[in-house]
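Novice: In order, the protein sequences belong to chains A and B. Numbered according to the numbering used here, the first sequence spans residues 1359 to 1776. Numbered according to the numbering used here, the second sequence spans residues 115 to 235.
Simulated from the structure, these hints should not be mistaken for laboratory data. This structure is a prediction, so every number in the text was calculated from the model and none was measured. Virtual Cβ for every residue (Gly too), placed ideally from N, Cα, C. Careful: at least some of the hints might be erroneous.
[Said to hold, decoys possible] So these bits of chain B aren't anywhere near chain A, every CB distance computed over 10 Å:
1) Asp123
2) Asp144
3) Glu156
4) Asp158
5) Pro160
6) Asp183
7) Arg186
8) Ala187
9) Lys214
10) Arg233
[What the hints assert, rightly or not] Lysine-lysine pairs mimicking DSS-like chemistry, simulated, CA-CA at most 27 Å apart:
11) Lys1587(A) <-> Lys214(B)
12) Lys1587(A) <-> Lys232(B)
13) Lys1423(A) <-> Lys214(B)
14) Lys1587(A) <-> Lys1550(A)
15) Lys214(B) <-> Lys200(B)
16) Lys214(B) <-> Lys232(B)
17) Lys232(B) <-> Lys200(B)
18) Lys1432(A) <-> Lys1394(A)
[What the hints assert, rightly or not] Derived DEER-like restraints, expressed as beta-carbon distance ranges:
19) Ser1561(A) <-> Thr213(B): 54 to 64 Å
20) Ala231(B) <-> Lys1394(A): 20 to 30 Å
21) Ala231(B) <-> Asp1481(A): 44 to 54 Å
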Amino acid sequence: MTPKRVGTMPISGWNRATLVMLLAGGQGERLYPLTKRRAKPAVPFGGMYRIIDFTLSNCLNSGLKRVFVLTQHKSLSLDRHIHAAWSILHPELGEFIQTVPPQLQLVSRWYAGTADAVFQNLDLLEEERPQHVLIVSGDHIYRMDYETLLQFHLQHDADLTIACTEVPRTEATRMGVVEADGDARVHAFTEKPAVPAPLPHESSRSLVNMGVYVFKTETLVRAVIADAKQESEHDFGRNIIPTLVRGQRRVMAFDIVTQCPPAHHYWQDVGTLDSYFEAHLELLLPQPPFDLFDASWPIRTHARQHPPALMRNAGQREARAVNSIVSPGCIVSGGSVVHSVLSPRVQVEAGAVVEESILMPGVRVGQGSHVRRAIVDENVVISPAVEIGCDHDADRRRFVVTDGGVVIVPEGTLMGHP
Amino acid sequence: MRRILIVDDDDNQRLLYRELFEEDGYEVIDAGDGRAALAVIERDPPDVVILDINMPGMDGLQTLTRIHDLNRALPVILHSAYAAYKDQFVSWIADAYVTKSSNPDDLTDAVRAVLAAKRVP
């Protein structure tokens, strides 16, 4: 039987003809100090995961098995994580998830922007010769079946398809706003507009760029080369997309709200400390908008071997964990954990209280200490009777406190020790 | 006067194109390989470069990327006996690709077009 053809490609081969470039080279400045020693995509998330696991799981669940992860700054922990968690494909079958540090092959500079990262890796495209390139980043928590996106791209014979979501217009001022006609053809694209254009059918909301793009390979290559030869910020949102739209290229908007099932409508940028914190609290809601337990779209990670989580009383003090994620290897001995995320190997000692907080792997909270609305980075040791998040003036003298009132205790901190 | 840098490892080709462009009123400089071409460009950049691809040592495509790295605004015309290099993405960094042929107008037209696009008077 002849496979059904759309455009120039048999539908059955869509995933083999698509290469993924995952841009993981950003500085992650807005997540500092969580990005002091690691790239943003390697920042832990949700107790067990790293941010990049969500995008890579989307690739795997969508059947996309040719993935280059373009790394740059502080890539060691990202590299280690990808090696440990994602070395599961078969290179012999042409499948791979491969980290690529800057090769300095075409030019002798660091990546000057997202488009420059692709430009500098033209040889990867040359080698793989995909028909389409999916560009994604490691900054977002979401579920997306990229097959639906790719099929939409093929059916519309698009040069570029931009995955979009709908947000309140007030939030759209810090995003790339997409204006599309009734046929989903994009006729305007504005990065961070002061007055975002509303959706035609809903004046209080705007259509915004999710940072997930499918390009025809030739369109992508020509666009990044033209951009590399100009004064530019070398950015997909600021430069490449507006140029293609102005040049009347076939740019389409794929609105996940109308194209995807409701379980796949959640999309959260975790690029700031406050949004990162809020995304964690959302995991703990009675009906979480992003459900880690959705077996139809599993999220994969590197799970080290740990003993099971243990809750035990300490004398008269009862161990308690309410509305919380408690990962393997944790010991809560007579402490209280409320609305919090405990990563593996966290210890909460007798009488200690952890509220609305994210504790990263290996954190120890000593007896009688109180941790409130805080993100505590890996292996921090909090001695007995220390307060964090209870007096922001005191906190500010030692730590970053966000606009949202979240205290960040960075890696390497030993608190309360003489 | 507009300056052209001709890069080709074949002495006869360099001579041929030197005469062609000098007749048209260009100042012509030439280089026999990629490294020599880069040295000229660093010292005293021309208005346009005509670049052969098959050369010993640093080939034309490598030279092209080095030129881009040094001076991304400098127009380059790839000039090869083979059309197949056109399919290589890296060749698309060049402003034009002209296949060596018996008709020299192809090359002079490309030079004019590239200079006009860059608004070189």
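Novice: Hint by hint, note whether the structure agrees.
Specialist: Hints, one by one, checked against the model:
Every Cβ of chain A is farther than 10 Å from the Cβ of Asp123(B); the closest lies at roughly 23 Å, confirming the non-interface assignment. Residue placement check: Asp144(B) keeps its beta carbon more than 10 Å from all beta carbons of chain A (closest about 25 Å). In this structure Glu156(B) is separated from chain A by more than 10 Å, as the shortest Cβ-Cβ distance comes to about 13 Å. Look at Asp158(B): its CB is around 21 Å from the nearest CB on chain A, clear of 10 Å, so calling it non-interface holds up.
The Cβ of Pro160(B) lies farther than 10 Å from every Cβ of chain A, with a closest approach of about 17 Å, so its non-interface assignment holds. Not every beta carbon of chain A lies more than 10 Å from that of Asp183(B), the smallest distance being close to 4 Å; the non-interface claim is violated. Listed as a non-interface residue, Arg186(B) fails to keep its Cβ farther than 10 Å from every Cβ of chain A; the least gap is roughly 5 Å. Not every CB of chain A lies more than 10 Å from the CB of Ala187(B), the least distance being 7 Å, so the non-interface label is violated.
With a cut of 10 Å on Cβ distances, Lys214(B) stays outside the contact zone with chain A, its closest approach being about 23 Å. Separation of Arg233(B) from chain A is adequate, the least Cβ-Cβ distance of about 14 Å exceeding the 10 Å criterion. Pair hint Lys1587(A) plus Lys214(B) holds up; C-alpha atoms about 26 Å apart against a cutoff of 27 Å. Under the criterion of a C-alpha separation no larger than 27 Å, the hint pairing Lys1587(A) with Lys232(B) is consistent with the structure, at around 12 Å.
Taking the CA atoms of Lys1423(A) and Lys214(B), the gap is about 41 Å. The hint is violated against a cut of 27 Å. Restraint check: the Cα-Cα separation between Lys1587(A) and Lys1550(A) comes to about 25 Å, which is no more than 27 Å; the hinted pair holds. Our distance criterion of 27 Å between C-alpha atoms is met by Lys214(B) and Lys200(B), whose separation comes to about 13 Å. For the hint linking Lys214(B) to Lys232(B), the alpha-carbon distance of about 23 Å falls within 27 Å, and the restraint holds.
Under the criterion of a C-alpha separation no larger than 27 Å, the hint pairing Lys232(B) with Lys200(B) is consistent with the structure, at around 22 Å. Between the alpha carbons of Lys1432(A) and Lys1394(A) the distance comes to roughly 8 Å, so the proposed pair stays at or under 27 Å and holds. Range check, Ser1561(A) to Thr213(B): about 56 Å between beta-carbon atoms, so the 54 to 64 Å window is met. Checked against the hint of 20 to 30 Å, the pair Ala231(B) and Lys1394(A) fails, with Cβ atoms roughly 47 Å apart.
A C-beta distance of roughly 27 Å is found between Ala231(B) and Asp1481(A), which places it outside the suggested range of 44 to 54 Å.
Checked against the numbered hints above, the structure violates hints 6, 7, 8, 13, 20 and 21; every other hint is satisfied.
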